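J.: If you read the sequences in order, they're chains S and Z.
This note's numbering applies: residue 1 is where the first sequence begins, and numbers increase by one.
This note's numbering applies: residue 1 is where the second sequence begins, and numbers increase by one.
Simulated from the structure, these hints should not be mistaken for lab results.
Note that the structure is a prediction, hence the values are computed from the model and not measured.
Note that beta-carbon positions come from the ideal geometry of N, C-alpha and C, so glycine has one too.
Each hint should be verified, as a subset may be incorrect.
To be verified - Facing chain Z, a subset of chain S residues (Cβ under 8 Å, in silico):
| hint | residue |
| --- | --- |
| 1 | 1 |
| 2 | 62 |
| 3 | 64 |
| 4 | 87 |
| 5 | 90 |
| 6 | 93 |
| 7 | 101 |
| 8 | 103 |
| 9 | 110 |
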Amino acid sequence: MMSISSFYRSSVGCKVVMALTGLGLVGFLCAHLAGNLLVFKGPEAMNHYARSLRDYLPILWVLRVGLVGMFMLHIASAIRLTQLNRKARPVEYAKKKNVQSTISSRTMMLSGTVVLSFVLYHLAHLTFRWTHPEFQELGDFDVYQMLVMSFHSPYVAFFYCLSILLLMSHLHHGIVSLFQSLGLYHGGLQLVIRMAGAGLSVLLAAGFLSIPTAIFCGWIGL
Amino acid sequence: MKVRLHVWRQPSSNAPGKMVQYDAPNISPAMSFLEMLDLVNEGLVEKGEEPIAFDHDCREGICGTCSLMINGVAHGPSEATTTCQLHMRSFRDGEDIYIEPWRAQAFPVLRDLVTDRSSFDRIMQAGGFVSVNTGGVPDANAIPISKVDADSAMDAAACIGCGACVAACKNASAMLFVSAKVSHLALLPQGQVEGSMRAKAMVAQMDQEGFGACTNTKECEAVCPKEISVSSIARLNREFLKASVESR
Ligand code: HEM
Ligand code: FES
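So here's chain S without its partners, still in its complex pose (with noise of 0.2 Å):
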């Protein structure tokens, strides 16, 4: 068996570890997805999930270090590899055209780096409260008031739709480069895995979207 150092020193190794990561983060975007939908439901729905979560602690501890984890190594191999492709092309040409590459695909970088922006100030704002501080004074549960009051400032709710569009074009690609990079991308696998990319990425930015629209028309309130 390779050594894990020298499996993730080479490309491929490196490529499989983003692929493996960004799978774990997939799912944790759905299981994210699923909670926040509950305010749907309204507030008491809402906050007795969050409460809940609270009872599991010692799990909520392992998901959350997992999840930091993943986040870390991701990131970590994002970085890595893109100086690696730097390197590789010293000098650029002078007319370049891309044939059938999608936007997508050359922009993973600036899409991730714009989701990672919107996670640090994500937690910054309802985990730690150190924007708001007056969320301060609410309740350690009532989630859906700080989640209905955040998506009142404008700012706020432009930076959530901008991060969730460029989410939906890293998962576009991603989720199909995840399969390509796992070797499983073959045969007839191909189309379904395919649609399954495009289908996911537009039903998880669709879901987080609908959030703020429903706010923006009143559909839910305090």
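Go by the hints and put chain Z with the ligands onto chain S.
T.: Same frame as chain S, now just chain Z with the ligands:
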């Protein structure tokens, strides 16, 4: 027809280079792209200037020696075509044509449009071979191979190692080349002897040569004159994963 060329000129590997403009009048649409360059070079020689250096050999699309980034596309605008098989009828009369060498850390420019692609040879030496015991010639078809595998291996073996995949990739990655070579051998019984080391050794050499990593943009597939599919990259990734958990 006439065209205006913008050509990368660089006297040697260490000297700085630049794009230089040349007018090429009296071009026949039936000429191949390389014949057009030959004609331009005749004119340069007559004027006492250095001719444009470019790689070529068979001129029939089978050796993989010709190269050239033409208007930003490796091997030019025709699909599944090497530069030597590209004809001037694929261009408009009066068109501006940009001609550049393959650009990659691992393919240093030797002169003008000629690059050193020996990094590909070193990748092949690392694992792109099968062990054959010398002796009497074996009977043809003595080893049964399924039609499906034989066809896929043949498709991968069509790779002529020109390097267009590297040139087109935004990361100058050699994954399509390496995956074609690995697929070609991994699919056949003769390739099983080195099976567990091949993918590892070739990927390690590829990394060491300074090629980039694959981001699955599929630009390589679009310019490959032999239409190698990116599904061979998936096969390489599988072979690499398999080899990395094997005990040998
Ligand atoms: C919720 C957050 C994220 C999710 C769900 C996600 C998902 C994915 C997936 C599934 C892939 C495909 C893996 C592969 O090609 O094998 C990927 C690739 C990538 N991600 Fe992320 N990612 C996230 C955040 C980020 C962040 C924060 C960055 C950068 C700072 C980033 C940068 C990249 C890069 C550079 C690639 C490689 C692109 C490529 O090889 O084509 N990602 N991501
Ligand atoms: S010169 Fe041999 S393939 Fe073009």
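J.: Decide, hint by hint, whether the structure agrees.
T.: Results for each hint:
1. Of the supplied interface hints, the one on residue 1/S holds, with its beta-carbon coming within about 6 Å of a beta-carbon of chain Z, less than 8 Å.
2. Among the interface hints, the one on residue 62/S is violated; its C-beta lies about 26 Å from the nearest C-beta in chain Z, farther than the 8 Å criterion.
3. This hint is violated: residue 64/S has a C-beta 29 Å from the nearest C-beta of chain Z, more than the 8 Å allowed.
4. Taking 8 Å as the C-beta cut-off, the interface hint given for residue 87/S holds, the closest approach to chain Z being about 6 Å.
5. For residue 90/S, the interface hint holds, since its Cβ comes within 8 Å of a Cβ in chain Z; the closest pair sits about 6 Å apart.
6. Evaluation of the residue 93/S hint against chain Z yields a held restraint, the C-beta minimum of about 6 Å falling below 8 Å.
7. Annotation: residue 101/S was flagged as interfacial toward chain Z, and the flag holds, the nearest CB pair being 4 Å apart, inside 8 Å.
8. Proximity of residue 103/S to chain Z is violated relative to the hint, the smallest CB-CB distance being about 10 Å (cut-off 8 Å).
9. Look at residue 110/S: its Cβ only gets to about 13 Å from chain Z, farther than 8 Å, so that hint breaks.
Hint check: violations occur at hints 2, 3, 8 and 9; the rest are consistent with the structure.
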